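Colleague: Order-wise, the sequence lines are chains V and S.
Residue numbers for the first sequence follow this note's numbering, so the first one is 33 and each next one is one higher.
Residue numbers for the second sequence follow this note's numbering, so the first one is 33 and each next one is one higher.
Hints are not guaranteed to be accurate.
What the hints assert, rightly or not - Stretches of chain V that chain S covers, calculated by requiring three or more beta carbons in the stretch to come under 8 Å of a beta carbon on chain S:
1. 37-45
2. 61-69
3. 79-92
4. 109-118
5. 146-152
What the hints assert, rightly or not - Taking CB as the label site, the calculated pair distances span:
6. V:Ser34 <-> S:Ala155: 14 to 22 Å
7. V:Asp36 <-> S:Leu149: 48 to 56 Å
8. S:Arg138 <-> V:Ser117: 37 to 45 Å
9. V:Arg40 <-> S:His188: 48 to 56 Å
10. V:Arg172 <-> S:Arg145: 23 to 31 Å
11. V:Leu141 <-> S:Asp36: 12 to 20 Å
Hints were generated in silico from the structure; no laboratory data involved.
Computed from a predicted model, the values in this text were never measured in an experiment.
Where is the CB? At the ideal position from N, CA and C, for every residue including glycine.
One letter stands for each residue in the lines below.
Protein chains: 2
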Amino acid sequence: MSTDDFERHKVKMAKKKVVRDKIMATKTESKGLVIVHTGKGKGKSSAAFGMIFRCIAHEIPSAVVQFIKGGMSTGERDLIQEHFSDRCKFFTMGEGFTWETQDKERDILMTRRAWDLSKQLIANPEIKMVLLDEINISLRYGYLPVEEVVEFLTEHKPEDTHVILTGRNASEQLIEIADLATEMELLKHPFRSGVKAQKGIEF
Amino acid sequence: MSTDDFERHKVKMAKKKVVRDKIMATKTESKGLVIVHTGKGKGKSSAAFGMIFRCIAHEIPSAVVQFIKGGMSTGERDLIQEHFSDRCKFFTMGEGFTWETQDKERDILMTRRAWDLSKQLIANPEIKMVLLDEINISLRYGYLPVEEVVEFLTEHKPEDTHVILTGRNASEQLIEIADLATEMELLKHPFRSGVKAQKGIEF
Numbered sequence: 033m034s035t036d037d038f039e040r041h042k043v044k045m046a047k048k049k050v051v052r053d054k055i056m057a058t059k060t061e062s063k064g065l066v067i068v069h070t071g072k073g074k075g076k077s078s079a080a081f082g083m084i085f086r087c088i089a090h091e092i093p094s095a096v097v098q099f100i101k102g103g104m105s106t107g108e109r110d111l112i113q114e115h116f117s118d119r120c121k122f123f124t125m126g127e128g129f130t131w132e133t134q135d136k137e138r139d140i141l142m143t144r145r146a147w148d149l150s151k152q153l154i155a156n157p158e159i160k161m162v163l164l165d166e167i168n169i170s171l172r173y174g175y176l177p178v179e180e181v182v183e184f185l186t187e188h189k190p191e192d193t194h195v196i197l198t199g200r201n202a203s204e205q206l207i208e209i210a211d212l213a214t215e216m217e218l219l220k221h222p223f224r225s226g227v228k229a230q231k232g233i234e235f
Numbered sequence: 033m034s035t036d037d038f039e040r041h042k043v044k045m046a047k048k049k050v051v052r053d054k055i056m057a058t059k060t061e062s063k064g065l066v067i068v069h070t071g072k073g074k075g076k077s078s079a080a081f082g083m084i085f086r087c088i089a090h091e092i093p094s095a096v097v098q099f100i101k102g103g104m105s106t107g108e109r110d111l112i113q114e115h116f117s118d119r120c121k122f123f124t125m126g127e128g129f130t131w132e133t134q135d136k137e138r139d140i141l142m143t144r145r146a147w148d149l150s151k152q153l154i155a156n157p158e159i160k161m162v163l164l165d166e167i168n169i170s171l172r173y174g175y176l177p178v179e180e181v182v183e184f185l186t187e188h189k190p191e192d193t194h195v196i197l198t199g200r201n202a203s204e205q206l207i208e209i210a211d212l213a214t215e216m217e218l219l220k221h222p223f224r225s226g227v228k229a230q231k232g233i234e235f
């Protein structure tokens, strides 16, 4: 590459920086976000836990309520409980996927209990980030009416509190009120070629 | 809901469990995966860091090389360096996005240095998970030939080592050789409504 090319790159990037800085200068508002991670791909919970660890790093008080998969995300739970229980409260309310429990009445009861706790945590002004892990599964199965969640988030969530809701098949009503919504789309999955769930990857 | 409904649910879920258990029983292989997180949505790096924290939790030795955004993911970096430097080696090689540095020659040099280090970490039999954060950006700009990365991962990666490659615009050649690839798709983003990057969310 010639010196001319490097020079042209420099001029182009300097222009790009001016445009970008101008755009960024318009982004001044700070507010608590409703964040949704959905889709069939991997990373919905992992990315949410990534944000929880960011909060832990910045000493922003946070909380996690696991709605369904009591058996998964054990790595994150152990790490948080062992090292950062002062910065992040962790509650595992679910007992596993619905085909594991096979008891709908109990699933509904557990979901109600998890949601009541979630409301308390969100309303608590000391806590600035609440992760409702796999709540979309509970909503999808109708264990909890989505209207109730939407109403609480729009009417009662403190202005500066972030709430993350994860799980497949997020309701349209939820995406409607979200500030940030991401769909994790599956491009390729090793299960297809006979690879089992592995420590550090799946749990 | 009637007792009949609950009974029907139980029978249906019991059947689902049998099918699922049968499928899971065929997944017996354990191997180091090549994982790609791409797309325009959020969560590519967060989900990768989520996996790094899972490894830390399970005491699986890991390493992170940040190719580009020296200024971002600072939360995760500080937390890892402060608490878990024995379990996860952390290297920030990039100096920021290319429109910040405005120096292509230097960007290429830094990328080469980051890739040489990455190869050493991947080849090291003690380390079982290596995150190449934002490497897709470097590949996209042509600072590093994708063929070189593909060749190294297919020919020289130890069988039981996982490698995660993140960043927008992942090359087709990379997705081709990946075991697990996820596209984070943007459904909604708060930047659009004037909200700035916030601690715990973006960095």
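Colleague: Work down the list of hints and note, for each, if the structure agrees.
Modeller: Hint-by-hint comparison with the structure:
1. With a cut-off of 8 Å between beta carbons, the segment 37-45 of chain V has 5 residues touching chain S; three or more are needed, and the interface restraint holds.
2. Under the rule that three or more residues need a Cβ within less than 8 Å of chain S, the assignment of the segment 61-69 of chain V holds, with 7 such residues.
3. Counting residues of the segment 79-92 of chain V whose beta carbon lies closer than 8 Å to any beta carbon of chain S gives 12, which meets the minimum of three for the stated coverage.
4. Taking a C-beta to C-beta cut-off of 8 Å, the segment 109-118 of chain V contributes 3 residues in contact with chain S, enough for the three needed, and the coverage statement holds.
5. For a cut-off of 8 Å, the count of residues in the segment 146-152 of chain V with a CB near a CB of chain S stands at 0, and the three-residue condition is violated.
6. In this structure, Ser34 of chain V and Ala155 of chain S break the distance hint of 14 to 22 Å, their C-beta atoms being roughly 35 Å apart.
7. Restraint check, Asp36 of chain V to Leu149 of chain S: a C-beta distance of roughly 31 Å breaks the suggested window 48 to 56 Å.
8. Taken as a hint, the range 37 to 45 Å holds for the pair Arg138 of chain S and Ser117 of chain V, whose Cβ atoms sit roughly 44 Å apart.
9. The hinted window of 48 to 56 Å between Arg40 of chain V and His188 of chain S is violated, with their beta carbons roughly 36 Å apart.
10. Between Arg172 of chain V and Arg145 of chain S, the C-beta spacing of about 47 Å breaks the proposed range 23 to 31 Å.
11. Checked against the hint of 12 to 20 Å, the pair Leu141 of chain V and Asp36 of chain S passes, with Cβ atoms roughly 19 Å apart.
In this structure, the hints that do not hold are numbers 5, 6, 7, 9 and 10, in rising order.
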